[in-house]
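Protein chains in written order, with our numbering: chain A, 3 to 116; chain B, 162 to 275.
There's no promise every hint is true.
[Unchecked claim] BS3-like cross-link-like pairs, simulated, lysine-lysine; straight-line CA separation at most 27 angstroms:
# : chain 1 : residue 1 : chain 2 : residue 2
1 : A       : 43        : B       : 229
2 : A       : 43        : B       : 238
3 : A       : 43        : A       : 72
4 : A       : 11        : A       : 24
5 : A       : 43        : A       : 85
6 : A       : 20        : A       : 85
[What the hints assert, rightly or not] Heads up, incomplete: computed chain B residues facing chain A, CB under 10 angstroms, no partners named:
#  : residue
7  : 195
8  : 207
9  : 222
10 : 246
11 : 250
12 : 265
13 : 266
Note that these hints are calculated values from the structure, not bench results.
Source: prediction; values computed, not measured.
Think of the CB as a built atom: it goes at the ideal place given N, C-alpha and C, for glycine as much as any other residue.
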Amino acid sequence: GGIITQTPKFLIGQEGQKLTLKCQQNFNHDTMYWYRQDSGKGLRLIYYSITENDLQKGDLSEGYDASREKKSSFSLTVTSAQKNEMAVFLCASRDWGAYYAEQFFGPGTRLTVL
Amino acid sequence: GDSVTQTEGQVALSEEDFLTIHCNYSASGYPTLFWYVQYPGEGPQLLFRASRDKEKGSSRGFEATYDKGTTSFHLRKASVQESDSAVYYCALSAHTGGNNKLTFGQGTVLSVIP
């Protein structure tokens, strides 16, 4: 088994601020993901990384940067937080190339922008 | 592109009621289909998956059958319990070369009243 850890659990920021969310996994998975979860909109992919040193944009990458520091860690940066923004950011990991493989998710970081 | 549509945004039932959550998909070939469940304060977790036409996935009393003819993977449970209250996501993974992405539906919030 393994676990995905996301820090911080709650993040409160100011409008225009740059904010960084961190994710660690000990599954030894190659592929990692960042999703944004909004009520009624499901999970939308922001960035993913197939292997270490790889970075791919998802459907919602504008306004975000990502960094895969090493195989076990994947960070997401909100480049300029938007006022009244509230969302949950979920990190996930999965074996590379196994299209039938499940994704494992972390518990999420809840963002509030004042 | 690939897409997943869940018809119900919210479902409210009493204990022992029958549950159906509709999921229809659009993708080429034979995608793998998934149902994920998300409990409050946690990330989504895999309920079950299916990869072939007419294959039935099941877990914890929930089941769904892959139907390529109607491009559907509807979630059913004969008798729901209060502990089933959660958000349910239908998702697909397309079998194109090197594809590592899941496409999620909008999610269905299930509330079971004791």
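Results of checking the hints against the structure:
1. A:43 <-> B:229: holds, 25 angstroms
2. A:43 <-> B:238: holds, 24 angstroms
3. A:43 <-> A:72: violated, 31 angstroms
4. A:11 <-> A:24: holds, 10 angstroms
5. A:43 <-> A:85: holds, 19 angstroms
6. A:20 <-> A:85: Distance of about 12 angstroms is within 27 angstroms: holds.
7. 195: With a closest approach of 7 angstroms, the residue 195 (chain B) hint holds.
8. 207: holds, 4 angstroms
9. 222: The hint is violated - residue 222 (chain B) has no Cβ within 10 angstroms of chain A, the shortest such distance being about 19 angstroms.
10. 246: Since the shortest Cβ distance to chain A is 16 angstroms, the answer is violated.
11. 250: Interface hint status for residue 250 (chain B): holds (7 angstroms vs cutoff 10 angstroms).
12. 265: For residue 265 (chain B), the interface hint holds, since the closest Cβ of chain A sits about 4 angstroms away, which is under 10 angstroms.
13. 266: Holds - the Cβ of residue 266 (chain B) comes within 10 angstroms of chain A, reaching about 6 angstroms at its closest.
Hint compliance for this structure: hints 3, 9, 10 are broken, all remaining hints hold.
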